[in-house]
Every structure is written in structure tokens, then in C-alpha cells.
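Chains F and R supply the protein sequences, listed in that same order. This note's numbering numbers the first residue of the first sequence as 159 and each following residue consecutively. This note's numbering numbers the first residue of the second sequence as 750 and each following residue consecutively.
Any given hint might turn out to be false.
[As the list claims (entries may be wrong)] With a Cα cut of at most 30 Å, we get these calculated DSSO-like pairs of lysine-lysine:
hint: 1; chain 1: R; residue 1: K906; chain 2: F; residue 2: K178
hint: 2; chain 1: F; residue 1: K178; chain 2: R; residue 2: K800
hint: 3; chain 1: F; residue 1: K166; chain 2: R; residue 2: K806
hint: 4; chain 1: R; residue 1: K882; chain 2: F; residue 2: K360
hint: 5; chain 1: F; residue 1: K160; chain 2: R; residue 2: K882
hint: 6; chain 1: F; residue 1: K259; chain 2: R; residue 2: K771
hint: 7; chain 1: F; residue 1: K259; chain 2: R; residue 2: K907
hint: 8; chain 1: R; residue 1: K864; chain 2: R; residue 2: K806
hint: 9; chain 1: F; residue 1: K358; chain 2: F; residue 2: K197
hint: 10; chain 1: R; residue 1: K825; chain 2: F; residue 2: K160
hint: 11; chain 1: R; residue 1: K771; chain 2: F; residue 2: K181
hint: 12; chain 1: F; residue 1: K357; chain 2: R; residue 2: K753
hint: 13; chain 1: F; residue 1: K166; chain 2: R; residue 2: K907
hint: 14; chain 1: F; residue 1: K357; chain 2: R; residue 2: K752
hint: 15; chain 1: F; residue 1: K166; chain 2: R; residue 2: K882
hint: 16; chain 1: F; residue 1: K170; chain 2: R; residue 2: K906
Derived from the structure by calculation, the hints contain no laboratory data. Since we're looking at a predicted model, the values are computed, not measured.
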Amino acid sequence: MKELDLLKKDWKAREDSYPKLDKEALYTLIWRRSSSIVKWLYYISIAEFVFWTALSFFTKNSETDALVKSIHLYSFINILTVINYAVLIYFIYRFYKNYKKISYNSSSKELVESILKVKRTVTHYVWFNLSILATSLLGLFYGIIHYGPATESIFNAAAKEDNSLLFWAIIAAVCILIIGLAVLLLWLFYKLLYGILLKKLKMNHKELRKLNS
Amino acid sequence: MDKKLEHIFLSEFETHQNIVHKICSLYSNDREAHHDLFQEISIQLWKAYPKFRGDSKFSTWMYRVAINTAITQYRKNKKRTDTHDIENVLFKTKAYEDYDPHEEQQLSLMYQAIKELNDIDKALIFMFLEDKKYDEISSTLGISEVNTRVKMNRIKKKLNKILNP
């Protein structure tokens, strides 16, 4: 079949038309796996955002609103929510920028820098989420103690105690303990979620540094 | 992998990278997909290299790993999306000078037909274009020599039918 010979001839003629990558470019390409990890970080940040938004959307109703209002936290929660969303959107943008940057830069040195930046973003992100959790719980406890259904009995009990300072100290300690536990749980969750991805990134980072040194 | 082995690998890879580019051009429809596949094959080569004993030529080993990776990736992508968008980015420009509209059209038809072949048949026509003998094709693809010949004849018939309807 003469057409096949024509095809073969054309195929051979194309031999020089393919890109030529040097050793460094090839090596970087192999370690560019980082970019897919960073892509996942970006996706996870979006998924998390969607999850929390959906959760607050479905749990929000007139009953919870009334409850929040009764403990005088309505505006506190609203302000916190606005701040929370603003910062989360900012973080999603950061994750996106990281991902774009890591997929475009070519040298291994730039790659190393990008990886470090990604790690920093993740750390900041986790810290922000932990502080939001701690702040909202703190507000919640304050509201419950001051305006909740048990407020009267708590204050009565404090008045009855000889050492009311100790009484309040114990209440504060219990609240802090609960907040600490909640924060610890969320931290463990993040550790699990991002730990594996960050570990892979770290390995890539180590290899790339070896190449640069 | 130690430094010395790394260095040998990279030199060999640099020399023979065209094999991978050619496979990518057959198994991907646009530049981005080409790049992604090239990267995936590079990673697989890198991972497999420590096990490469050197009992065959580097290029022979490379054909095998690269084709297997391309086929695996092709099947993975196939699951996600079944639409075929034939752009032929890499095949738009003619590589040599003597321009013949009829030949050009035939070539374009053939490349298009090749792009629509299944994963194994693509590998077969690739090896054929690379001037590989049937025994090498069959050992690289892990199918019998008879089967290779049968498949190759079918592809030739298919192409013939497209060109001379």
C-alpha cells in the first residue's frame, strides 16, 4: 500500500519537529508532580468551603436564629461569618495562584520556592480556621453563661460560694478545656487531610534541592 | 536512585526523548494533553529505571514503558470522557517542502484515522511507523507475533478503506 509508505516518509520527516528538552528540564518535569499535589490542595480548599457553606445553609432556620438572638450573639455571629467568608475566599484565591504558578514556572529553583510558599499558605489557612473556631466557641460560651437558660442559677451559685473568684476560674478553665479539645480535633483533621499531601511535597522539595545544590 | 544512575538515566532520556514525543503526539489531541502525557511517561520511566537491567537497549526498554504508560493513561481518560476532539495540532503543519495537495489530504486523513484507532492499534501503527520488525512489536506489546500480523493487516485495510472509499 503506497499510502503507508507516504505516511512513513512523513513520519520520518517530522523527526526534527518535536521539542527538545535538556537534562535539567527533564529532571524538573519529573519532579513537577508537585503541581498535581498543589492542584489537590486547591480543590480541597474549594470542597471545604462548599461543605461549610452548605452546612450553615441547611442548619440556618428561624429556630437557630431565635436561639442565637436570645444569647445576644446575633451580630457577633454575623460579623464573624462575613469575616470568615471573606478570608476563605482570599485563601481559595491564594491556593489557585499557587497552583497556577507552580504549573507554569520552569526552573527547579522556582519550583522549590513555590513549594515553600504553598506550605506557608496551608499553615496560615489551618491557623486561621483554628482561630475562627476558637473565637466562635469563646463567644458562644460567653453568650450562654451571660444570657443562656442557666444564667440565673450560675450567678446564684457564684454568689453563694465564699470564693467566687475560684468558682469563675473553674468555669473559665472548663470552657478553655472544651475549646482546646475542639481546636485539637479540628487540628487533627487538618493534619490528616493535608499531612499526606504536604509530606509528598516535602519529599519533592528535598529532591529538588539536591538538584540545585 | 543514586547520582551516577540518575545522570546516566537523564543522558539516555535526553537522547531518546523523541520516542516519547512521538507517542504523545499519537495519544493526545492537544498541546496540553501532549505535555501531561509526556510528564507522566517521564515519571514512569524514572520510577522503572532502577529495575532496568540493561539486557535490552535503552530505547527498546523506553518503547515498552512509554507505550504501556500511554495505553494506561488512555484507558483512564477514556473512562472520564468519551468524546473525541480531533485537533491535530501537531499534524497541521507539513514537515517537508514538496507540497502536494492530494498527498497532503491523504496524510491528513490517515493521521485522523490513526487518532481514532484504539489504544493497542495505535501502539501497533506507531511501532510500524518506527520501522520495527514484527517480533519486536509483539514482544513490546506483549501479544503474539501472529496476532500482531493479523491486527496490522486489519489496520492497513481500515486505512485503505478510508483512503479509497
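Right, here's what the structure says about each hint:
Between the alpha carbons of R/K906 and F/K178 the distance comes to roughly 35 Å, so the proposed pair goes past 30 Å and is violated. Pair hint F/K178 plus R/K800 holds up; C-alpha atoms about 26 Å apart against a cutoff of 30 Å. A threshold of 30 Å between alpha carbons decides the hint, and for F/K166 with R/K806 the separation of about 23 Å falls inside it, so the pair holds. Annotation: proposed proximity of R/K882 to F/K360 is violated, straight-line Cα distance about 45 Å (limit 30 Å).
For the hint linking F/K160 to R/K882, the alpha-carbon distance of about 19 Å falls within 30 Å, and the restraint holds. For the suggested pair F/K259 and R/K771, the alpha carbons sit about 28 Å apart, so the restraint of at most 30 Å is met. Our distance criterion of 30 Å between C-alpha atoms is broken by F/K259 and R/K907, whose separation comes to about 45 Å. A C-alpha spacing of about 28 Å is found between R/K864 and R/K806, which places the hinted pair at or below 30 Å, so the restraint holds.
Taking the CA atoms of F/K358 and F/K197, the gap is near 13 Å; set against the 30 Å cutoff, the hint holds. For the proposed pair R/K825 and F/K160, the alpha carbon gap of about 35 Å is over 30 Å, so the pair is violated. Restraint check: the Cα-Cα separation between R/K771 and F/K181 comes to about 19 Å, which is no more than 30 Å; the hinted pair holds. Restraint check for F/K357 and R/K753: the C-alpha separation of about 26 Å stays at or below 30 Å, so the hint holds.
Restraint check: the Cα-Cα separation between F/K166 and R/K907 comes to about 17 Å, which is no more than 30 Å; the hinted pair holds. At roughly 23 Å between alpha-carbon atoms, F/K357 and R/K752 fall within 30 Å of each other, so this suggested pair holds. Note on F/K166 and R/K882: the hinted pairing holds, with a Cα-Cα distance of about 14 Å set against a maximum of 30 Å. Proposed proximity of F/K170 and R/K906 is supported: the alpha carbons are some 22 Å apart, at most 30 Å.
The structure fails hints 1, 4, 7, 10 (numbered hints given earlier, in ascending order).
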